[in-house]
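Enquirer: Join the two chains, each given in its own frame, into one complex according to the hints.
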Amino acid sequence: MIEATALTKRYGSRTAVDNVDFTVRPGTVTGFLGPNGAGKSTTMRMIVGLDKPSAGSVTVNGKAYREHRAPMREVGVLLDAKAVHTGRSAYKHLLAMGATHGIGRARVQEVMELTGLASVARKRVGGFSLGMGQRLGIAAALLGDPATLILDEPVNGLDPEGVQWVRKLVRHLAAEGRTVLLSSHLMSEMAQTADHIIVLGRGRVLADAPVSDIIAGAGGSTVRVRTPRPELLAQALPDAQQTPLSDGAISLNGVTAEQVGEAAAVHGVVLHELTPVASSLEEAYMALTQDEVEYRAGGAVPVGGTR
Amino acid sequence: MTATSVSIPRGARLSFGGLVRSEWIKFTSLRSTYWSSGIILVLWVLLALLLSSVANFSAIDPMTGEDLPATDELRQSATMSAVTSGVMFGMLVAGIQGVLSISGEYSTGMIKSSLAAAPGRLGMYAAKGVVTFVWMFLLGAVSVLAAYLVAMPFLSADDMLAPLGAEELVAMLGAATFLGFVGLFGLGIGTLVRSGAGGIAIVVGVLMVLPMALGIFSIWIEWISDVIPYMFDSAGNAMMTIPGGDGTPTPTGMMTTLEPGMAALVALAWTAASLLLGALALKGRDA
Numbered sequence: 000m001i002e003a004t005a006l007t008k009r010y011g012s013r014t015a016v017d018n019v020d021f022t023v024r025p026g027t028v029t030g031f032l033g034p035n036g037a038g039k040s041t042t043m044r045m046i047v048g049l050d051k052p053s054a055g056s057v058t059v060n061g062k063a064y065r066e067h068r069a070p071m072r073e074v075g076v077l078l079d080a081k082a083v084h085t086g087r088s089a090y091k092h093l094l095a096m097g098a099t100h101g102i103g104r105a106r107v108q109e110v111m112e113l114t115g116l117a118s119v120a121r122k123r124v125g126g127f128s129l130g131m132g133q134r135l136g137i138a139a140a141l142l143g144d145p146a147t148l149i150l151d152e153p154v155n156g157l158d159p160e161g162v163q164w165v166r167k168l169v170r171h172l173a174a175e176g177r178t179v180l181l182s183s184h185l186m187s188e189m190a191q192t193a194d195h196i197i198v199l200g201r202g203r204v205l206a207d208a209p210v211s212d213i214i215a216g217a218g219g220s221t222v223r224v225r226t227p228r229p230e231l232l233a234q235a236l237p238d239a240q241q242t243p244l245s246d247g248a249i250s251l252n253g254v255t256a257e258q259v260g261e262a263a264a265v266h267g268v269v270l271h272e273l274t275p276v277a278s279s280l281e282e283a284y285m286a287l288t289q290d291e292v293e294y295r296a297g298g299a300v301p302v303g304g305t306r
Numbered sequence: 000m001t002a003t004s005v006s007i008p009r010g011a012r013l014s015f016g017g018l019v020r021s022e023w024i025k026f027t028s029l030r031s032t033y034w035s036s037g038i039i040l041v042l043w044v045l046l047a048l049l050l051s052s053v054a055n056f057s058a059i060d061p062m063t064g065e066d067l068p069a070t071d072e073l074r075q076s077a078t079m080s081a082v083t084s085g086v087m088f089g090m091l092v093a094g095i096q097g098v099l100s101i102s103g104e105y106s107t108g109m110i111k112s113s114l115a116a117a118p119g120r121l122g123m124y125a126a127k128g129v130v131t132f133v134w135m136f137l138l139g140a141v142s143v144l145a146a147y148l149v150a151m152p153f154l155s156a157d158d159m160l161a162p163l164g165a166e167e168l169v170a171m172l173g174a175a176t177f178l179g180f181v182g183l184f185g186l187g188i189g190t191l192v193r194s195g196a197g198g199i200a201i202v203v204g205v206l207m208v209l210p211m212a213l214g215i216f217s218i219w220i221e222w223i224s225d226v227i228p229y230m231f232d233s234a235g236n237a238m239m240t241i242p243g244g245d246g247t248p249t250p251t252g253m254m255t256t257l258e259p260g261m262a263a264l265v266a267l268a269w270t271a272a273s274l275l276l277g278a279l280a281l282k283g284r285d286a
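These protein sequence lines are chains A and B, in that order.
Residue 157 in numbering that gives the first Met the number 0 is what sits at position 158 of the first sequence, and the numbering runs on without skipping anything.
Residue 46 in numbering that gives the first Met the number 0 is what sits at position 47 of the second sequence, and the numbering runs on without skipping anything.
Only chain B is shown next, with the shape it has when bound in the complex (with noise of 0.2 Å):
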């Protein structure tokens, strides 16, 4: 019956590659997977649909209301603040999938199958978070793309389109790996609380919650302004902001935010120490 099986290949044995195929299966066949993937692209495009049909009005001088002349700097951040500002909606769907994409397992007993199949336990957990980074990145760069595309005909027509040049594709290029940074970030903590609920209301805690709650209290301790920057959220929009012309990080109102490369580096720092929580975590406790 069993004893001689041929459909099993001479030599089949536990491997990352395996772990990552492995992964990939289990994260395409969830149909959750889908939905809150579609639900980040078509909000994404919408929003870009929203603020491109409404640039013209960047190009008004808020103080005297006049029209001001379309500068390359005013079209760069019309163009720019319409095709990444999806990202806002984006970060909360990665980071909940991040969550659920470990968390679910724990809720159904399927981390007992999946640990038992690779009981070193870490690669199982690097496999995944490859298979996250991956498919979170390939959509933000997805979706940045269609909210470029789907907002070219409306800023092109109000005179403020940015042609897609070495910059913007970097910024572009910032917005699909912080999405992916995200994702990581909830696969960490996900590891490391085992619980949806708890995995994503630190999750919505650290990426809207904190920041607005710093801000609050900016108004009275002066330092705390000092420290948003390097929030994730924060570092996460610099990551796709353009910097100015000489390099010098940009203000945007009273904030200042980081160059994008210094940024990228913080938001790392903050997916790698979930990370690093959540595979303690995995290989401290017992399943």
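With the rest of the complex left out, here is chain A (with noise of 0.2 Å):
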């Protein structure tokens, strides 16, 4: 569980996190997502103490990190891909971080298989390809078997079998009743691997919300049908937003592709097409993001609770 209260960080006169109160959950994975320079990392550095918050107070299972005992078995943190030690190899890097905890070669050689670094073990960190160093960062968290994680852009240049393999592991770490924390700007791995959104822009935020509300908040998902007789297709479905497209095909808002194609047998209506649009967690975010000022106003979406 963490909790951040009124969290802020100034850097001089700018301001990279304003004001920002939200909650990480146990047993889900908790997405935050936002541009560059939203305040997503600077966040995580807060939450780890990294940072120093210029005012306001993040807790992690009810205390300050740095009041914990045992931080790494607390919090795994993977902040950016390479806060390594270009000169050292992955094995080392991995003993003299557990080290610190009195935590020895078994468990390092396990997190290692499980990493899948075992064979590049002994080869030094510079040598290392970003997907690689990703994995070592993942390795190094994992080490305290801690109770939350916390993970920064963890997909960031792992090939498609990594990435498969990070949204496998996350979603089971969460599964175990972990508290996971991972940033991406990247909305279709959100949509794929988290639970709950906090959506950041210019340091606040924006939503705070279940992935299906974000989603749903922006307009509901779409659906994209070609059919001969699209005059019957509208009296089959009276609740539909019908937007006809460039290429002949229609655009449906407000419903799912269940229902339209159940609709259409019930109607006898011909379909030549029909497919669940499935960008629209992005489309969502774009909204979110492009006029936070109007958000605001409107309230379209579910918002963080104290905003």
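Short, incomplete list of chain B residues facing chain A, as computed with Cβ under 7 Å: (1) Ile7; (2) Arg20; (3) Thr107; (4) Gly108; (5) Lys111; (6) Leu114; (7) Ala116; (8) Ala117; (9) Pro118; (10) Asp285.
If you are wondering where the hints come from, they were derived from the structure by calculation, not from laboratory data.
Ideal Cβ positions, reconstructed from N, Cα and C, are used throughout, including at glycine.
Expert: Set out below in structure tokens:
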């Protein structure tokens, strides 16, 4: 459980994180979503005490991070891929990290196997690809078998297989009851991995809601259909909003692909195409970050409670 | 998968002993450590070889050019100069190594991992200090003893060898301790400025440029020559000097030097000041 209260970070006149409140709960994957400079990394750095908040506070499991007797057992953190001395081997890096908490070789071996690093364990980190660096960062985060994981852009630089692996790992860790906070600017990635999303823009919380709510709030998902008898389909689906597309297809708003298919079958409407359009989290996100003032006035999406 | 890991000891937690072990692993897993330590040892021994092979010149009266009878005092000074002159190189490399032990973490981003594991920060810093001091002290001790062994045959051939008595051992101890101090001085400066180049410039400045500049200015401004013995490198040199029989400071050329105990305190003060500045920066600034 991570709780931020009125968390603020200023660098000179620039406010990187502006009076932010949020709670990250155990057993779920919570995503920090936002463009570059939105304050995702700064917030994560404040959680683990690397940066001091200018105002407000953030706690991990009820205490400031630094007050824990075994910080690595509370929180595992991947800040950026290469928070590692390039002259050292992966094995020695993990061994040195573990040694601080009396965690020895057996566990180092375990996390290296878990992250697929065993074959490059003795190689110097300087020669690692970005993907290997990410795996090493994740291995380090898992060293203390922590109750909370904070992963900043964990899929950055990973190949598709690696992305799959991170997604499964993160889901698995949350299913074990751990608190997982990860950041990304890849909305599609978030849609598939996170249960709950906190959208940050210019240091503020723009939205704090389950993934489905965020998508719904931005106008819902759309369905693309192609039919020789659009007027019949319109009768079959009186609630759906139809928008003709330039290629002759129709975009339907406010209905699911299942509803369209069933209605078409009942009314005997021939369909040549029926496609759910999945990029809507991206659109939701663009709508949110594009004009935050308008958003806050309109309140189209469920917002972080305290705002 | 990881939920019930049996490979983590029960009650595993952050401790100072763990931090020291961690820093030891970090220090000994970098090639640069062995390079720089090797350079110190080799240069130190070579210099001892060179100086001991020309030690018979110490027994020549500089005014008349005649041979002087070898006295115990002359033997002592020839022997000690042969075996401790390596500190001149050693201190530079030790200082640089001290800077790099922390600036390397900043330049690679490792510092974020280190401080996330030890969010109190000062524990990690103190552990780094322990490792740096112990390594440099042992390196100095090994180097000075190796230098003595290498110089022995040449010195005794010229009847210039001083046996390893208490005074000689104390001076050697002073050399090794000074090397440890310089390593810590570098660590403090490196933590303060966070940059390898900047830190090395300051360390070299304090150890070499400052005393040279003061030496030049003391020609015009007399009181400056009173300050020179309190410089870090002068104090370091005095730490490995055997004082004259009556315990008064031994004149070396024009310069007066501090008595070794006092010199050790002065060198310690330089070290402590640097470490304190580093600690304040580490604790106060964002990582």
